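**Q** Here's the letter readout for the chains.
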Amino acid sequence: MKQDNLLLSLWQVSKRYPGVVANDKVSLTLAKGEILALLGENGAGKSTLVKMIYGVVQADEGSLLWQGKEVVIRSPNMARSMGIGMVFQHFSVFETLSVQENIELSLDAGFVKDAATLRAKIIELSAAYELKVDPDRYVHNLSIGERQRLEILRCLIQNVKLLILDEPTSVLTPQEVAGLFKVLRTLASEGCSILFISHKLKEVTALCDRAVILRGGKVNGECVPANETPDSIARMMVGSEAVLSERYHKTIGSDELLVTRDLSVPPTNPFGTGLTKVNLSLHKGEILGIAGVAGNGQEDLLEALSGEDTRAEAGSILINGRKVAKLNAGERRLLGMSYVPADRLGQGAVPDMSLADNTLLTSARKGLVNRGLILPHKVVELAKSIIHRNDVKCHNAHAQAKSLSGGNLQKFIIGREVDQNPEVLICAHPTWGVDIGAASSIHRQLIELRDNGAAILVVSEDIDELFMISDRIAALYEGQLSHAVHTEQTNIEEVGKWIAGSFMNEDKPQEDVKHA
Amino acid sequence: MDMELFQQILVAAIKTGTPLLLVALGELICEKSGVLNLGQEGMMLMGAMAGFAGAYFSGNLALGLLLAMVAGMMMAGIFALLSLNLNTNQVATGLALTIFGSGLSAFLGASLVGSTVNGFKPIAIPLLSDIPFVGPLLFNHDILVYGSFVLVAICWWVVNKTRAGLTLRAVGENPYSANALGIKVIKVRYIAVLTGGAFAGLAGAYMSLSYTPMWMENMTAGRGWIALSLVVFASWRVGYLMVGAYLFGVASILHLVMQGIGFTISPNLLAMMPYVATIVVMVIISSNPIRQKLAAPMSLAKPFDSRRH
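For the record, the sequence lines run as chains E and C.
Residue numbering for the first sequence follows numbering that gives the first Met the number 0, starting at 0 and increasing by one per position.
Residue numbering for the second sequence follows numbering that gives the first Met the number 0, starting at 0 and increasing by one per position.
Be aware that a few hints might be false.
[Stated by the list, open to error] Within a straight-line C-alpha distance of at most 27 Å, the following computed DSS-like cross-link-like pairs (lysine-lysine) qualify:
{"no.": "1", "chain 1": "E", "residue 1": "181", "chain 2": "E", "residue 2": "31"}
{"no.": "2", "chain 1": "E", "residue 1": "120", "chain 2": "C", "residue 2": "14"}
{"no.": "3", "chain 1": "E", "residue 1": "112", "chain 2": "C", "residue 2": "120"}
{"no.": "4", "chain 1": "E", "residue 1": "50", "chain 2": "C", "residue 2": "183"}
{"no.": "5", "chain 1": "E", "residue 1": "50", "chain 2": "C", "residue 2": "186"}
{"no.": "6", "chain 1": "E", "residue 1": "112", "chain 2": "C", "residue 2": "14"}
{"no.": "7", "chain 1": "E", "residue 1": "496", "chain 2": "E", "residue 2": "249"}
{"no.": "8", "chain 1": "C", "residue 1": "183", "chain 2": "C", "residue 2": "14"}
{"no.": "9", "chain 1": "E", "residue 1": "68", "chain 2": "E", "residue 2": "160"}
{"no.": "10", "chain 1": "E", "residue 1": "24", "chain 2": "E", "residue 2": "68"}
No wet-lab data here; the hints were simulated from the structure.
As the structure is a prediction and not an experimental result, all values here were calculated from the model.
Just chain E, same shape as in the assembly (with noise of 0.2 Å):
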């Protein structure tokens, strides 16, 4: 590679925090015009390093080039000023600003000239690279996709040479993940370079040129996607030789155990969608997964169906032919459901305490309390079997929950709601921030569960993930429910246009369909 035609190269940088050393001695080099990719499991080091080059952070030690110049980048700001620019994970977007004042805010002062010249080049600019917004709308009113979009522009009208994508994709339903690439991809071909951060392999090959992967906070190898597998760039990101993704056998469920009869809730903040005439049936032994992208009515169908919210009419959840909708999370655990919520560390499990005593907030029915009084024995005990037999990384049963990874915790919750044996489980995003091997720990969790006889109902944004684990599956789209099919029978495509909310205008057909 020509040594002017890089743009960015780091030499040798490590960042260390108390206690962990989060990048060390990592040296990478980015030209002009390249797709990169980063990849690496949670706690890699991904996202220290790519705030080290957006200026949040700085080296602890080496060096890092730029166009061919030491520089020591010590804000956003200046980040910003020499071509840097950095969509975020979480959006870094104001939500009761319209399009244009966010994008004002991110200019400098002496950029923006007078309000009518910024929305002249905002509508310039995102009809060249197919990014529409419109500039007056307020963010709050505006998709997920149309979001990321405003975040690109704010980038673009800056004359960006770079830009870092911290996993762009995992908010995007599958045509909008294509509408992103080729936006990217027009990008790159002006010579703009890009830093992608993912951990979805299939996108990392199909979009980017190099690869470089982290393991534990070093660079554990580069490859070109297009010649590498799925499965050899995983075994560098994890380094074992652990299964990494396996295909389950699929099921047909038997008698219904949980039915919604035109659920409808109203929404309960701001920006959320509520829920409209949702129909679903769960059949013992089967997972049924639903999909659909963030923000549309994900919260508001778990909160439902856990019982965190009572407002819907009586008849329209029924747990085994009974009415449930007015009985609270406490009553309708007795009748047999369990629940795994999006927040694990906040409400799937208190992060102060230990796990003995989160054990105990779900399971107190198991005979651990006696007239009142906790049998801390039994307790410890039950804790302990849980963490044996789930494989859960911690220092003991005394451990506070906020002290294991995300992967584990989730290990541990998944574990002690299997453990009360449920006719229902109802779990949120499973493998939400959870790196790859855990993932599958956790849906062989589900899977064992399933053939136990366990109906189980998941939510989750990860396409792949649900075709991997369910049996059926279903979109949901601003609070409507697609009707299921069985998995087999579709493909990410079709789910992919009902997740954009393509079933609206089909005729519904009818959700009882006979199952064998």
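Following the hints, put chain C in place on chain E, whose structure we already have.
**A** Just chain C now, with coordinates in the frame of chain E:
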């Protein structure tokens, strides 16, 4: 009700509403940046005391005003140091500031109790004040009332039409995103809190140099607290705030009005009106949580910790 009485009520509403308007305007700016300062009452009292002392000892009302604003800003500075630099709980810190301010102003102003100054006098604006009804209503006030009209216009313009206002709103909604864009969150919040202090000081000076030109312990009588609810009442909008301040002004003189028109009801009950009105308004507003959430600065009362990323 005859026209003259009606006019008098409106004039009185403006006079009683002005200190509420000034202190609430400051709190609105402060809350727009995401900082909830419950110390308004304390800052107002310090402003009232310092303003009176300044005018009394120098004989110069302008110097009194200046001192009042400085005193308000010093109190706000203490609050900013604690809540912005040391990340203390904003609610507790604000409450402490009120208690501190009422105690300190009583202590420092003890020797001034019973003294008087020549306060601000109404200035009739030529020609305009001769317009029937509107003239005496709007154009026959003292300089502080005129000043409050101008400040409302300036605040509205700054908050809604300028880059500085955009930055202020962004910081109040999501300081972490603002920080990622390179906005200096703590600096913006400092400016907002200090501005709030200056406004509260001014409102205090209005009490001790215009409304009743004297100094008395706790003379603001809870106006700092009413201002806090006024900001919610106005849904954080400058225009509504002005209307609200005068409405609260009417409510607080209602017992005098009722007596004036010969309506007999216990004055104690009527004196409760502003507080009852506050509660009623709060209930009405919070009955629509969605609107409430959209109106309120989203990071209100949440400390910004720059170490978190």
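**Q** Now tell me if each hint is right for this structure.
**A** Going through the hints against the structure:
1. Distance check on the hinted pair: residue 181(E) and residue 31(E) sit about 18 Å apart at the alpha-carbon level, within 27 Å; holds.
2. Restraint check for residue 120(E) and residue 14(C): not satisfied, since their Cα atoms lie roughly 49 Å apart, outside the 27 Å limit.
3. With a CA separation close to 45 Å, the supplied pair residue 112(E) and residue 120(C) exceeds the 27 Å bound.
4. Between residue 50(E) and residue 183(C), the direct Cα distance comes to roughly 18 Å. Compliance with the 27 Å bound is thereby established for this hinted pair.
5. This hinted pair checks out: residue 50(E) and residue 186(C) have alpha carbons roughly 23 Å apart, not beyond 27 Å.
6. Note on residue 112(E) and residue 14(C): the hinted pairing is violated, with a Cα-Cα distance of about 42 Å set against a maximum of 27 Å.
7. Among the hinted pairs, residue 496(E) with residue 249(E) is consistent with the structure: their alpha-carbon atoms are about 23 Å apart, no more than 27 Å.
8. Restraint check for residue 183(C) and residue 14(C): not satisfied, since their Cα atoms lie roughly 38 Å apart, outside the 27 Å limit.
9. Our distance criterion of 27 Å between C-alpha atoms is met by residue 68(E) and residue 160(E), whose separation comes to about 15 Å.
10. At most 27 Å may separate the alpha-carbon atoms for a hinted pair to count; residue 24(E) and residue 68(E) meet this at roughly 19 Å.
Consistency with the previously given hints fails for numbers 2, 3, 6, 8, ordered from lowest to highest.
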